[in-house]
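Q: Chain residues, written in single-letter form:
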Amino acid sequence: MQNNVLDYLNNIVRVKPDKTAFADVRREMTFSEVYEQSRAVATFLYRKGIEKQPVVVFMRKSPEEITTFFGVIAAGDFYVPIDEEMPSVRIGLILENVKAGMLICDASTYQAAGKLPFHGEIVCYEDICGTDVEEEALRKIYDRAIDTDPIYIVFTSGSTGVPKGVAACHRSVIDYIEQLSEVLEFDEDTVFGSQTPLYFDACLKELYPTLKFGATTWLIPRELFSLPVKLVEFLNEHKVNTICWVVSALTMVSAFDTFRTVTPKYLRNIAFGSEVFPIKQFRRWREALPDARFTNLYGPTEGTGMCCYYKVERELQDGEVIPIGRPFRNTEILLLNERDERAGEGEEGEICIRGTSLTLGYYNDFERTREAFVQNPLNTAYPELIYRTGDIGRFNERGELVFVSRKDYQIKHMGHRIELGEIEANVNMLEPVKIAGCVYDDTRGRILLYYVGELSEKELAEALKDKLPRYMIPNRIVRLEKMPFTANGKIDRVALRAAVGK
Amino acid sequence: METEMEELLEILEDLHPEVDFETCERLIDDKILDSFDIVSVIAEINERFDVAITAEKITPENFNSAKALYALIRKLEDGE
Chain A
1 MQNNVLDYLN
11 NIVRVKPDKT
21 AFADVRREMT
31 FSEVYEQSRA
41 VATFLYRKGI
51 EKQPVVVFMR
61 KSPEEITTFF
71 GVIAAGDFYV
81 PIDEEMPSVR
91 IGLILENVKA
101 GMLICDASTY
111 QAAGKLPFHG
121 EIVCYEDICG
131 TDVEEEALRK
141 IYDRAIDTDP
151 IYIVFTSGST
161 GVPKGVAACH
171 RSVIDYIEQL
181 SEVLEFDEDT
191 VFGSQTPLYF
201 DACLKELYPT
211 LKFGATTWLI
221 PRELFSLPVK
231 LVEFLNEHKV
241 NTICWVVSAL
251 TMVSAFDTFR
261 TVTPKYLRNI
271 AFGSEVFPIK
281 QFRRWREALP
291 DARFTNLYGP
301 TEGTGMCCYY
311 KVERELQDGE
321 VIPIGRPFRN
331 TEILLLNERD
341 ERAGEGEEGE
351 ICIRGTSLTL
361 GYYNDFERTR
371 EAFVQNPLNT
381 AYPELIYRTG
391 DIGRFNERGE
401 LVFVSRKDYQ
411 IKHMGHRIEL
421 GEIEANVNML
431 EPVKIAGCVY
441 DDTRGRILLY
451 YVGELSEKEL
461 AEALKDKLPR
471 YMIPNRIVRL
481 EKMPFTANGK
491 IDRVALRAAV
501 GK
Chain B
1 METEMEELLE
11 ILEDLHPEVD
21 FETCERLIDD
31 KILDSFDIVS
41 VIAEINERFD
51 VAITAEKITP
61 ENFNSAKALY
71 ALIRKLEDGE
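Which chain is which? The protein sequence lines are A and B, in order. Here the first sequence is numbered in my numbering, starting from 1 and rising by one per residue. Here the second sequence is numbered in my numbering, starting from 1 and rising by one per residue.
Hints are computed from structural coordinates only; laboratory data are not their basis. Keep in mind that the hints are not guaranteed to be accurate.
[Stated by the list, open to error] Taking CB as the label site, the calculated pair distances span: (1) B:Pro17 with A:Arg398: 39 to 49 Å; (2) A:Gly120 with B:Ala43: 44 to 54 Å; (3) A:Asp257 with B:Glu18: 30 to 40 Å; (4) A:Glu85 with B:Pro60: 12 to 22 Å; (5) A:Asp340 with B:Glu22: 51 to 61 Å; (6) B:Ala43 with A:Glu28: 33 to 43 Å; (7) B:Glu7 with A:Asn396: 41 to 51 Å; (8) B:Glu47 with A:Glu287: 20 to 30 Å; (9) A:Val478 with B:Gly79: 34 to 44 Å; (10) A:Thr486 with B:Gly79: 44 to 54 Å; (11) A:Ala499 with B:Glu18: 19 to 29 Å; (12) B:Lys75 with A:Asn10: 55 to 65 Å; (13) B:Ala71 with A:Glu233: 18 to 28 Å.
Even for Gly, the Cβ is constructed at its ideal location relative to N, Cα and C.
The following block holds chain A by itself, in its conformation from the complex:
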């Protein structure tokens, strides 16, 4: 039985050593290059005595960064990706949480790495990717590995202002990759066009199936997502046939009538998720690519990646929301009502996940792990964890799972999962701010921030840049004389929402 994600790489390197595995505009790396260099990185870590530890990876999005991930796993460690796009305060919180002894950067991030609040050793990929491989040592590490050992930690928004590090293991990733590959029908001819950053779980969809099948992944330069025609030209140039993108990236292409100028010629497999796909935009895609398969995916980082899918095969009504469908094989969705019982027919309930695809929990944070990873209330006989997503759903009359809303103030904005509380917490940390309230305008997809305090909107925007990722910066910041409160003293979000557009 496969118990190590690297078995995918170890197998494929014998079958297709010279095929391009991962590529960007600078460089293409074959499976054998990825294999050799990942083992060089692993040997370096072994010689440093680093095993079963977090290793921070701070590199530009590149084939080399992906290779480093595999190298970290081959050393029996788990990778913690950070990125120059992240604000410094957030990077500081991540480094504080994982307490790693080693950070791997590359020539392009070396200077920035030196300025991080990091006290361990910093090495450059270029300096270690030629290390002589010690096969015997790596073999022993491989033999010792257990499939419940972590392989990565990625960070997600936390309502207190401190991001949560989700740790996933071999087992959950293997389960996810196997089920996802079956649903989306990947094979050796698959050519992925990767949109998502490598510091989220979203990139698993490309990285591991590429190894499993001997497929190819092209990393798309980020700036092309502002230039739709060039983006489609890139897909055509590299014969990309499969994309798993956030909805906002897809609508950016269709909304501007890109298809009148240029059509993606090779695209046949389109998966999307993380957000509601506006039906009008979806239809434009289907009109442009009538023979392509379209699949809606749903799932939280805590469930390793995606856990539900819906193949869009029937005609959708105006105003209908594309269902999130049904769970992958080997995963069960429990819909629990307020009494923690199974929701009845048509009744709304919290979407809870049961199965191997559950991750290990939040790294170095037992308290928040215990709140979300809980004993299955339907099972009183033996220990069994489920993950409570906080998403409310229901089954429609066709038996398809449909997303309804959130239990709390978490939102999805441009494909990113955001706690409005995290934005508020960061604003409230600024000395001149007295109080801040955040709301989300669903119809226009904008984060709105209201605050009371002795600083201008401009100063506030400037200060937030160091604290929050770009996608969490409010789209509109409004200074108020007085914050509206409800009768029991909470910020009156209904009143704030009513002020939207005024």
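Chain A is already provided as a structure; the job is to place chain B on it using the hints.
A: Leaving out everything else, chain B in the frame of chain A:
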């Protein structure tokens, strides 16, 4: 009454209050405007000026400065 240029500057400053849009000429090259911003800007322009900016017009040249963007809007308004 505010001019169209002022209105455009207002849209841009709403997104990035910290940028001086009257002088900056490298909005795309310096990655000041990203895809989030471009989507919002185009939606706003569509709403307020009633012109549709289609994909082939979304180029660095047209979006590098408020001036260039304004010229594009004028061109589209004139029905070119």
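Q: If you test the structure against every hint from before, which numbers come out violated?
A: none
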